[in-house]
Structures are given as structure tokens and as C-alpha cells.
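Asks: Each chain is listed here by its residues.
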Amino acid sequence: MNVPSELKYTKDHEWVRIEGDTATVGVTDFAQGELGDVVFVEIETEGETLSQGETFGTIEAVKTVSDLFMPVGGEVIEVNEKLEDTPDIVNSDPYGDGWMVKIRIEDASEADDLLSASDYEDLIG
Amino acid sequence: MRKTVFNDIHRKMGGRLVPFAGFEMPVEFAGVKKEHVHVREKAGIFDVSHMGEIWVSGEHATELVQRLTTNDVHKLTDGRVQYSCFPNGKGGIVDDLLVYRVHADKYLLVVNASNIEKDWNWVVAHNHHGADLENASDSTSQLAIQGPDAAKILQKLTPADLGAVPYYSFIFDELAGKKNILISNTGYTGSGGFEIYFNNAEGPEIMDVLMEAGREFDLQPAGLAARDTLRLEMGFCLYGNDIDDTTSPLEAGLGWITKFTEGNDFIDRTFLEQQKEQGLKQRLAGFELQERGIARKDYPIVNEEGNVIGRVTSGTMSPLTGKTIGMGYVELPYNKVDTVIYVAIRNKQIPAIVVKPPFYQPA
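In order, the protein sequence lines correspond to chains Z and G.
Each residue of the first sequence is one higher than the last, beginning at 1 in the numbering used here.
Each residue of the second sequence is one higher than the last, beginning at 1001 in the numbering used here.
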């Protein structure tokens, strides 16, 4: 299982890359494997400011649907446009092309709630 | 968690194993879309050993099976198979099943894994006829080899002429060097192929020989997820989704296996005949969503005014057509083809058009 050490994680199987006050968010390799083939990603919260833990979108796979949660609170400043036409990049490149949103972090201390790569590895066993 | 005899082989072939009906079963190998398309175009092999097998034999066997099932067992001849269901005495369905007639004194009932215990108890409780019963589910394995090339693969491994085994027929013959294998021209995919039944001990060797023989045809393992999308694309009912203890076989569109013929005195016959005469209030309908979304089990179906008129029982994206398809119960007359209905998906109402399954016609 691929769990890049430089990223942070949530127990909802999302990864977070923090650069300054911006957080880039996607789902983990483990999550895409569990979901199976992704059919589409629906994110209609661009421009909205949401709290940590709130739903910012949903990911529909052939088998099941899963909500996407804000790993930290803030404004959704960008949605990955590539997901619209090629949702399968979530399966093929979850940590790269398959990213979902960028968030402008409101409260940097919320990042302390995130898991390290080794904590996340323990979580998924 | 129970395991089929193919558990180790699934792991070696890269299967992702999940709990299903008390068994650890492979949900997917290369991915549901790939497996789905592969079965439609070439051939796939499914481990369906979790399914249950109940033998009914003796001079009262026909009588008991006739009483228990909605279809007319007297229409069966030796070596033929019939799709049927167990009515539950309350207008619902205990399970759907295949009835194999070996001869007039010997039947095999193949039932869903999730219902084996319930079915067995049901059959035993209604055996006032003194038929001999055997639950062979634990000792029997089953593989489904499905797809346009499935018969070619199996033909390499048996002296029997599989071309002489019509759809919904079966034989006992040698296969992969093993004698007395039940070879059945049936399946749950709509792409043709066979289902084979044998003793657990023979399983690993049969799988090896099959995979080897299938290499030139690119035979690939397929999991439960593809099995589900394949059956849904054909509009086949899945017990627990589209039919259950609360759904009537007539409402489920299973009128074609509910035979009010002379001498077919099955459980619930009177009730179902009345239901048919009085007219059904709801029907299982197929639909295609007109906008992006996937209808999932239990999502409400509403009309244009937003009033609830039904519920979704199955839904997915058809891997072949890219359409998002589903089935669900709707009040009459919303079941009419071309009617516009709406599926409530989270905070949206997505329009859908009622269509008559199958959603896809394999070549």
C-alpha cells in the first residue's frame, strides 16, 4: 500500500498536502482500492467556506458512494477540473493527478488533528 | 468466516476478499469494469461455491418441489433446469432458485448463499410428503464460466458435446479428468456459458485445469462486483435487493415463473391469484438516469411533484454503455415504459426514464 511519508492523513482515508495556508486534498491509495472503479466525483462547493469535518463533495464508484470531508476548515478555492472527464485518475494516480480540492486554511491549528503517514499505516493495518 | 476451496487461489490471482453472506469471497480482481467487459467480450470465471445445494429425492420429490415453488415442476423433463422461487406463505419470497430435474425422483435446488439456512429450514418444515432431503451446500463447490468463449474452453476438457446441451439444460459427464461433474448451461450474466458443480476436494485441480485450458482464450477471474453489474445490466433480480420476504413475485415481474396451471398447488397460489385479479399496486421497473448520478438501493423514487412513488432496489453505472441504470418498485402507472420518474439522490431529484430491461443486449 502506497502511503507517502510527506503527506498528512485523516481517518476518513483522505490525504492532505499543506503548503503555506493551502491544503491540497485527495483520497488515499487504500481508499481508491476499497472504492473500486470511480465513476465520477461531484464537488459543488467551490467558493464556499466549510468547517473541518463538513462534506465538500461525494465520490461515486461502481459499487458504492462515499462522502468527502474537509480535513481542515476553510474556503474551497479550487476543484480539480480533470476529474470531470477522467474520474479514473482517482484510481490510477490518487496522490497526483487524482487530487480533489485545494482549501485555504482558516485555522492552522486544525492541521494538528491530522495523522502522520505512520499513524495512517497503523490505521489501515 | 467461511472460505471456499478456492480461497488461496483467489489470493494468488490478486483477488480482493471481503465478507459476503458469511463467506470470504473475492469482490474483484482486475477491477469491476475490466472484469465486466471481459465477460461480455471473452470469458470470465466466478467462484460461486457459496451458493447452496439442496437435494430432494424419493418418490414424493416432485410433489414437494411443486408445493414449494411457483413455477410448474411438471413442465420439467430430465436434464432440464427451471428458474423458480419459494413463496413464503405471506405473499413474499423466501428465495429465488434453480430447480434441476435429474429424474422424476431426484431434484437439485440451487439457492442463494445468504439464505441457505432459511431455505433448508423452510424445505424441511414443509416436507409433509416424506421426500428425502440433503443439504449438500458445505460439500459442493460451484464455478461459473461465463462469456462468449466459455463453451469453447470447457469443450476442450470434456468428451461430452456441449453444443448438444441447450440453455437451461445440464448433463453429468467427465470434465477436467474428473468424472460425474454436473455441467449446466446456465448463468447470471446474460453472456452465455456454463455453471459446473462438483465436490470440494476436486475444486483446486479443476480450477487449475480450467485456467490452463482458458489461457488461449484469455480466461480471467471475475468477482462478485462484476457479477452484480452483469446481472443488473440484464435486469436479473438479486435476492435481498430486488426481491425479498416482503415483495410479491408478481410485483417483481416474476409472473413468468408463477404458473397458475392445473395441479400446480404451490404455497400462496390463492393469494397470488387474487393479487393478480385485483391488480397490482406496484411493479419492479427498470430505469435510466438522464443526468449524472447513481441510484443506490433504498433511495426514494418520486414523481414530478416530489411525492414518493417508490424506492430503488438496485443501481449502478453500466460499464458497457456508460449509462446509469437501476431498478426499483414504483406505484402503477409509473411503471410504464417512457414514463419520467425522479430518483432522490441526496439533495437532488435526478430525472429517469422507465425502460424495459435488459439494459444491454449482448451479441
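Simulated from the structure, these hints should not be mistaken for lab results.
Positions of the beta carbon are idealized from the N, C-alpha and C atoms, including for glycine.
Worth double-checking, as some hints may not be accurate.
[Claimed, not checked] Negatives, chain Z to chain G, calculated, CB over 12 Å:
1. G47
2. S51
3. K63
4. T64
5. R104
[What the hints assert, rightly or not] When the alpha-carbon atoms are kept at most 25 Å apart in a straight line, the in silico BS3-like pairs for lysine-lysine are as follows:
6. G:K1259 to G:K1297
7. G:K1090 to G:K1323
8. Z:K63 to G:K1281
9. G:K1152 to Z:K63
10. Z:K82 to G:K1297
11. Z:K63 to G:K1179
12. G:K1152 to G:K1034
13. G:K1323 to Z:K63
14. G:K1356 to G:K1336
15. G:K1297 to Z:K63
16. G:K1323 to Z:K82
17. Z:K63 to G:K1090
18. G:K1281 to Z:K82
19. G:K1090 to Z:K102
20. Z:K63 to G:K1003
21. Z:K11 to Z:K63
22. G:K1034 to G:K1297
[To be verified] Restraint ranges, calculated between C-beta atoms of paired labels, are given here:
23. G:K1336 to Z:D107: 30 to 38 Å
24. Z:D113 to G:K1156: 38 to 46 Å
25. Z:D97 to G:G1022: 38 to 46 Å
26. Z:D113 to G:V1308: 47 to 55 Å
27. G:G1058 to Z:S92: 15 to 23 Å
28. Z:K82 to G:R1269: 56 to 64 Å
29. Z:P4 to G:I1353: 54 to 62 Å
30. Z:E121 to G:F1172: 45 to 53 Å
31. Z:D97 to G:V1308: 19 to 27 Å
32. Z:D113 to G:P1351: 39 to 47 Å
33. G:R1292 to Z:E54: 34 to 42 Å
Asks: Compare the structure with each hint and give your call.
Replies: Here's how the hints hold up against the structure:
1. G47: Non-interface label stands for G47 (chain Z): nearest chain G Cβ at 17 Å, farther than 12 Å.
2. S51: 18 Å, holds
3. K63: 5 Å, violated
4. T64: 8 Å, violated
5. R104: About 25 Å separates R104 (chain Z) from the closest Cβ of chain G, which puts it past 12 Å; holds.
6. G:K1259 to G:K1297: 29 Å, violated
7. G:K1090 to G:K1323: 36 Å, violated
8. Z:K63 to G:K1281: Given pair K63 (chain Z), K1281 (chain G) is violated - Cα atoms ~30 Å apart, limit 25 Å.
9. G:K1152 to Z:K63: Status violated; Cα separation ~31 Å.
10. Z:K82 to G:K1297: Violated, at about 29 Å.
11. Z:K63 to G:K1179: 39 Å, violated
12. G:K1152 to G:K1034: 21 Å, holds
13. G:K1323 to Z:K63: Holds - the C-alpha atoms of K63 (chain Z) and K1323 (chain G) are around 15 Å apart, at most 25 Å.
14. G:K1356 to G:K1336: 9 Å, holds
15. G:K1297 to Z:K63: 11 Å, holds
16. G:K1323 to Z:K82: 20 Å, holds
17. Z:K63 to G:K1090: 32 Å, violated
18. G:K1281 to Z:K82: 45 Å, violated
19. G:K1090 to Z:K102: 55 Å, violated
20. Z:K63 to G:K1003: 23 Å, holds
21. Z:K11 to Z:K63: 21 Å, holds
22. G:K1034 to G:K1297: Holds, at about 23 Å.
23. G:K1336 to Z:D107: 30 to 38 Å: Between K1336 (chain G) and D107 (chain Z), where Cβ atoms are some 55 Å apart, the hint is violated.
24. Z:D113 to G:K1156: 38 to 46 Å: Violated - the Cβ-Cβ distance for D113 (chain Z) and K1156 (chain G), about 59 Å, lies outside 38 to 46 Å.
25. Z:D97 to G:G1022: 38 to 46 Å: At roughly 40 Å between Cβ atoms, G1022 (chain G) and D97 (chain Z) fall inside 38 to 46 Å, so the hint holds.
26. Z:D113 to G:V1308: 47 to 55 Å: 39 Å, violated
27. G:G1058 to Z:S92: 15 to 23 Å: 57 Å, violated
28. Z:K82 to G:R1269: 56 to 64 Å: Since K82 (chain Z) and R1269 (chain G) have Cβ atoms about 58 Å apart, the given range 56 to 64 Å holds.
29. Z:P4 to G:I1353: 54 to 62 Å: With Cβ atoms ~44 Å apart, the hint is violated.
30. Z:E121 to G:F1172: 45 to 53 Å: 52 Å, holds
31. Z:D97 to G:V1308: 19 to 27 Å: Because 40 Å falls outside the window, the suggested range is violated.
32. Z:D113 to G:P1351: 39 to 47 Å: Since D113 (chain Z) and P1351 (chain G) have Cβ atoms about 41 Å apart, the given range 39 to 47 Å holds.
33. G:R1292 to Z:E54: 34 to 42 Å: 22 Å, violated
Violated hints, in rising order: 3, 4, 6, 7, 8, 9, 10, 11, 17, 18, 19, 23, 24, 26, 27, 29, 31 and 33; the structure is consistent with all others.
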